[in-house]
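Participant: Sequence:
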Amino acid sequence: MPRSFIFAIASAALLSGSGAALAQTSPTAAAAAKTGQPFNIGFVLYTRGKVPGTLDARWNYGNAYSGHGTASGGPASGAFAGRYHVRYFLETGEFSDEYDLDIEKHGGGGFYDVTWIANGKVGAKGVGMEIPNQGGLAVGWRRVAD
Numbered sequence: 456m457p458r459s460f461i462f463a464i465a466s467a468a469l470l471s472g473s474g475a476a477l478a479q480t481s482p483t484a485a486a487a488a489k490t491g492q493p494f495n496i497g498f499v500l501y502t503r504g505k506v507p508g509t510l511d512a513r514w515n516y517g518n519a520y521s522g523h524g525t526a527s528g529g530p531a532s533g534a535f536a537g538r539y540h541v542r543y544f545l546e547t548g549e550f551s552d553e554y555d556l557d558i559e560k561h562g563g564g565g566f567y568d569v570t571w572i573a574n575g576k577v578g579a580k581g582v583g584m585e586i587p588n589q590g591g592l593a594v595g596w597r598r599v600a601d
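Numbering (our numbering), first residue to last: 456 to 601.
Careful, some of the hints might be misleading.
As the list claims (entries may be wrong) - The calculated label-pair distances, taken between Cβ atoms and stated as ranges, are:
(1) Ala-519 x Gly-563: 32 to 38 angstroms
(2) Val-599 x Glu-549: 23 to 29 angstroms
(3) Ala-600 x Asn-518: 18 to 24 angstroms
If you are wondering where the hints come from, they were derived from the structure by calculation, not from laboratory data.
In this text, all values refer to a predicted model and were calculated from it rather than measured experimentally.
We put the beta carbon where it would ideally sit given N, CA and C, even for glycine.
Generate the whole structure from the sequences, applying the supplied hints.
Facilitator: Quick look at the structure:
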């Protein structure tokens, strides 16, 4: 499942010669490590929920925070594209965040633009890709300031 997807990405990076670059510490990485602040990079894997129009989420932010979530109110057709309301929780089960979630298909090839909105303001943007044969949508994202 997700492990095979992550293994495929890691293998591709190593085979493309970028593995050495990933192992090096950049000035930005060193600065983030010193301040204890997580990188402004997140990842979420959405899978279709048991109830039509829902998505289950497994998320990580900067390898500092992680948890699960549930999105509801999406299309009953089983498509990922749509507008949802999503609630995220930490690994402990404690509530973390709540957003309106817009997932828009971006051309062909199973790619998506993803936007998280809170109180009418965009809080995060991301790009996603459907995972064939796994029934999931993998999304990389970052927080943004309007």
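Participant: Evaluate each hint against the coordinates.
Facilitator: Hint check results:
Checked against the hint of 32 to 38 angstroms, the pair Ala-519 and Gly-563 passes, with Cβ atoms roughly 35 angstroms apart. Between Val-599 and Glu-549 the beta carbons are some 25 angstroms apart, a value that agrees with the proposed interval 23 to 29 angstroms. Ala-600 and Asn-518 have their C-beta atoms about 22 angstroms apart, which keeps the hinted 18 to 24 angstroms range intact.
Figure legend: structure checked against the earlier numbered hints; every hint is met.
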